[in-house]
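Participant: As they're listed, the protein sequences go chains A and B.
Per this note's numbering, residue 7 is the first one in the first sequence, and the count goes up by one each step.
Per this note's numbering, residue 2 is the first one in the second sequence, and the count goes up by one each step.
Since the hints were made in silico from the structure, they are not lab data.
Misleading hints may appear alongside valid ones.
As the list claims (entries may be wrong) - Capping the alpha-carbon separation at 30 Å, the derived lysine-lysine pairs in DSSO-like fashion look like this: (1) 11(A) - 204(B); (2) 96(A) - 49(B); (3) 255(B) - 381(B); (4) 263(A) - 276(A); (5) 96(A) - 194(B); (6) 230(B) - 344(B); (7) 245(B) - 97(A); (8) 97(A) - 49(B); (9) 284(A) - 259(A); (10) 97(A) - 194(B); (11) 245(B) - 255(B); (12) 45(A) - 194(B); (13) 204(B) - 16(A); (14) 97(A) - 349(B); (15) 99(A) - 381(B); (16) 177(A) - 257(A); (17) 268(A) - 281(A); (18) 208(A) - 204(B); (19) 99(A) - 194(B); (20) 349(B) - 373(B); (21) 259(A) - 276(A); (22) 230(B) - 281(B); (23) 102(A) - 288(B); (24) 281(A) - 257(A); (25) 281(A) - 170(A); (26) 102(A) - 204(B); (27) 102(A) - 49(B); (28) 103(A) - 204(B); (29) 45(A) - 349(B); (30) 99(A) - 344(B); (31) 97(A) - 288(B); (32) 96(A) - 288(B); (33) 208(A) - 96(A); (34) 204(B) - 96(A); (35) 379(B) - 288(B); (36) 49(B) - 103(A); (37) 11(A) - 99(A); (38) 103(A) - 194(B); (39) 204(B) - 99(A).
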Amino acid sequence: MATIKELANKGNLFTQGHRACAGCGGTVILRLLMAAAGKDTVVVGATGCMEVVSTIYPYTSWNVPFLHNAFENSAATASGVESAYRAMVKKNKINKKINFIAFGGDGGTYDIGIQSLSGAMERGHNMLYVCYDNGAYMNTGIQRSSATPLGSSTTTSPAGTVVKGKMQNRKDLTEIMVAHNLQYVAQASPSHWSDFVSKVEKALSIDGPTFIDILSPCPLGWGYEPSLSIELARLAVDTHFWPVYEYENGKYKINVKPKNAKPLEDFLFKQARFKHLKNEPALVEELKKYVDDRWNALLRKESSCS
Amino acid sequence: MSNIVAKTGNEAMAEAMRQINPDVVAAYPITPATEIVQIFSSFVSDGKVDTVFVPTESEHSAISACIGAAASGARVMTGTSSQGLALMHEILFIASGLRLPMVICEVNRALSAPINIHCDHSDTMASRDAGWIQIFSEDPQEAYDQTILAMKLSEDIFFPAMVTTDGFIISHAMSRLEMYSDKEVQDFLGEHKTPYNILDTEKPMTVGSIVLQDFYMEIRTQMAAEMFKAKAKIQDAYAEFNKKMNRNYNVIEKYFMDDAEYVIVALGSTAGSARYLCEKLRENNEKVGVVKPRVFRPFFAPELVEILENAKGVAVLDRSDMMSSTGGHLFNELKSAFYGNAKQPPMKNYIYGLGGRDINMSDIEKVLHDIKEFSVSKVKDSDVKYITVRE
Numbered sequence: 007m008a009t010i011k012e013l014a015n016k017g018n019l020f021t022q023g024h025r026a027c028a029g030c031g032g033t034v035i036l037r038l039l040m041a042a043a044g045k046d047t048v049v050v051g052a053t054g055c056m057e058v059v060s061t062i063y064p065y066t067s068w069n070v071p072f073l074h075n076a077f078e079n080s081a082a083t084a085s086g087v088e089s090a091y092r093a094m095v096k097k098n099k100i101n102k103k104i105n106f107i108a109f110g111g112d113g114g115t116y117d118i119g120i121q122s123l124s125g126a127m128e129r130g131h132n133m134l135y136v137c138y139d140n141g142a143y144m145n146t147g148i149q150r151s152s153a154t155p156l157g158s159s160t161t162t163s164p165a166g167t168v169v170k171g172k173m174q175n176r177k178d179l180t181e182i183m184v185a186h187n188l189q190y191v192a193q194a195s196p197s198h199w200s201d202f203v204s205k206v207e208k209a210l211s212i213d214g215p216t217f218i219d220i221l222s223p224c225p226l227g228w229g230y231e232p233s234l235s236i237e238l239a240r241l242a243v244d245t246h247f248w249p250v251y252e253y254e255n256g257k258y259k260i261n262v263k264p265k266n267a268k269p270l271e272d273f274l275f276k277q278a279r280f281k282h283l284k285n286e287p288a289l290v291e292e293l294k295k296y297v298d299d300r301w302n303a304l305l306r307k308e309s310s311c312s
Numbered sequence: 002m003s004n005i006v007a008k009t010g011n012e013a014m015a016e017a018m019r020q021i022n023p024d025v026v027a028a029y030p031i032t033p034a035t036e037i038v039q040i041f042s043s044f045v046s047d048g049k050v051d052t053v054f055v056p057t058e059s060e061h062s063a064i065s066a067c068i069g070a071a072a073s074g075a076r077v078m079t080g081t082s083s084q085g086l087a088l089m090h091e092i093l094f095i096a097s098g099l100r101l102p103m104v105i106c107e108v109n110r111a112l113s114a115p116i117n118i119h120c121d122h123s124d125t126m127a128s129r130d131a132g133w134i135q136i137f138s139e140d141p142q143e144a145y146d147q148t149i150l151a152m153k154l155s156e157d158i159f160f161p162a163m164v165t166t167d168g169f170i171i172s173h174a175m176s177r178l179e180m181y182s183d184k185e186v187q188d189f190l191g192e193h194k195t196p197y198n199i200l201d202t203e204k205p206m207t208v209g210s211i212v213l214q215d216f217y218m219e220i221r222t223q224m225a226a227e228m229f230k231a232k233a234k235i236q237d238a239y240a241e242f243n244k245k246m247n248r249n250y251n252v253i254e255k256y257f258m259d260d261a262e263y264v265i266v267a268l269g270s271t272a273g274s275a276r277y278l279c280e281k282l283r284e285n286n287e288k289v290g291v292v293k294p295r296v297f298r299p300f301f302a303p304e305l306v307e308i309l310e311n312a313k314g315v316a317v318l319d320r321s322d323m324m325s326s327t328g329g330h331l332f333n334e335l336k337s338a339f340y341g342n343a344k345q346p347p348m349k350n351y352i353y354g355l356g357g358r359d360i361n362m363s364d365i366e367k368v369l370h371d372i373k374e375f376s377v378s379k380v381k382d383s384d385v386k387y388i389t390v391r392e
């Protein structure tokens, strides 16, 4: 396991100079991702914050080959890249190992890109898909997605006098990916960088499709001070809101089990998107129940595997 | 060494694909194009090609995978039709914008609604502004030849190309096909050419950047200029194909045009019917002719004007409608091409064959009578007619 210093000295494959907001979780994730993946990696990025901030022509933050096609098709596009690679290997035109990574935000992954992702995973392409999940369409101005948590106020699920934010629970994409019978599926958080880096390394060592869903704090969309991003990512884990776990060859493992789970309110009420819930105890209870049910289900899945 | 066989349009295109032996084919089934990729997948299973076949979960993903593969330096093909091409629509523009060579074997079929599986050109025409080379074929032989030609052309000019046949009329109709040897096809194609290769991790590059007000206009203007230049290169490509493969194709085919007074302009299979009719009518000394543009994109406007300007009447047959109250696509292009030209032949648009509605000799003959009558009477009337429609 590399130390943070070693990772930092691995060379800037995703460099400074991008246009992301101060405190952006996504760019921290990409930096870690690339430090773990190394230079023989081809990245396909979906339209979204990370693509927009990192490739403003004529500049780029990518010191590895990077391809952006459209919003909903980064997995399909990467499947074409990986297929071309296999064709070139077959013809002896290339012989080194190359990692293939596709990424998208929750909009590009949970919503518009889920078909493309599902297809690519089912076809068994040797690629890692990373979803940076900030829980809404942040690039277009904080619209609700199927990853937006219950009660969250977004610009298309605004907390009003009658409707109190998003009225549905999140889609559980990680479990949908488990249902694809992949060899490796994981959830990670940038607060647990070392866990994320080892997950990326593990995923890339597998010959086949793998998937990592990583929580991506967004100061603008969640409404908090930019300096608090990693703290919020940690609170999401410590409150069981965002379990850090993995599913490997049919076995579940919860990688981070907070000794004393913190109340969900500690995570919620540091963010403007949930502040109206202070007056909505029933909604908070509903959200808590969803979080607890999923945590307990995960514990059961883990113990049934051991 | 040619080999004479009997093949349908779909079989002919599948054979062309086999001989091209692309690195990657990504495709999704759709009537009436399904067979092309279905036959091709048996070539993959039987080891007759080296291709990595990607059976995607949609046409959108098929063309997306084609882009990924082409950007990785692979020779890439796919096949589709109708709703499939429409589903690819968004990504068609990206393929051309990224200047990636690839070929779609496209079988023309009507777009929904109402849903229909038969031929018209509404699907191909709806993608006319996507920055693709568009080539129409009259029969399986042309489909076969032009698929091979388009692969090389696309790699020479770095624009993607679609080669079309008419759904069922060509795709499922068997006719004589003269095939080249695999070696002749490979020799004609030569080494695959790619504008860049993202598998080269030693020279990393960013492809598909966001380009804003400062450079977008320049990039699109360059692309437009390249499409303009592509016209000469397409003509050269046909000349080279003729020379190497012993054919006699032109970008615009002319039949009896030395002295034709009344002219049918038509794309694809209907041009063949019109030619047959003209052969018959010529026996009675009727001065009729046919113009068949093979290439719809880029549009060979001045070239068509030159061919048509001396006609006494031009009947433009369109198997698609722009739903703009101004008729079909070919007609609108031609009308626009004639603007400012000194000679303005009387011209009318005949919309026919939508959703596979049959067009026969007597229908085309009626069109010729109608355009004759119009050019003599010059009666101001709608210049767009819908023919073979139930009363």
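Participant: Each of the hints needs a verdict: does it hold here or not?
Facilitator: Okay, the hints, checked on the actual structure:
no.	hint	result
1	11(A) - 204(B)	holds, 26 Å
2	96(A) - 49(B)	holds, 14 Å
3	255(B) - 381(B)	holds, 29 Å
4	263(A) - 276(A)	holds, 22 Å
5	96(A) - 194(B)	holds, 18 Å
6	230(B) - 344(B)	holds, 26 Å
7	245(B) - 97(A)	holds, 27 Å
8	97(A) - 49(B)	holds, 15 Å
9	284(A) - 259(A)	violated, 34 Å
10	97(A) - 194(B)	holds, 16 Å
11	245(B) - 255(B)	holds, 22 Å
12	45(A) - 194(B)	holds, 26 Å
13	204(B) - 16(A)	holds, 18 Å
14	97(A) - 349(B)	violated, 54 Å
15	99(A) - 381(B)	violated, 65 Å
16	177(A) - 257(A)	holds, 21 Å
17	268(A) - 281(A)	holds, 18 Å
18	208(A) - 204(B)	holds, 26 Å
19	99(A) - 194(B)	holds, 14 Å
20	349(B) - 373(B)	holds, 10 Å
21	259(A) - 276(A)	holds, 29 Å
22	230(B) - 281(B)	violated, 39 Å
23	102(A) - 288(B)	violated, 66 Å
24	281(A) - 257(A)	violated, 38 Å
25	281(A) - 170(A)	holds, 11 Å
26	102(A) - 204(B)	holds, 15 Å
27	102(A) - 49(B)	holds, 26 Å
28	103(A) - 204(B)	holds, 16 Å
29	45(A) - 349(B)	violated, 61 Å
30	99(A) - 344(B)	violated, 57 Å
31	97(A) - 288(B)	violated, 57 Å
32	96(A) - 288(B)	violated, 58 Å
33	208(A) - 96(A)	holds, 25 Å
34	204(B) - 96(A)	holds, 22 Å
35	379(B) - 288(B)	holds, 19 Å
36	49(B) - 103(A)	holds, 27 Å
37	11(A) - 99(A)	violated, 36 Å
38	103(A) - 194(B)	holds, 23 Å
39	204(B) - 99(A)	holds, 16 Å
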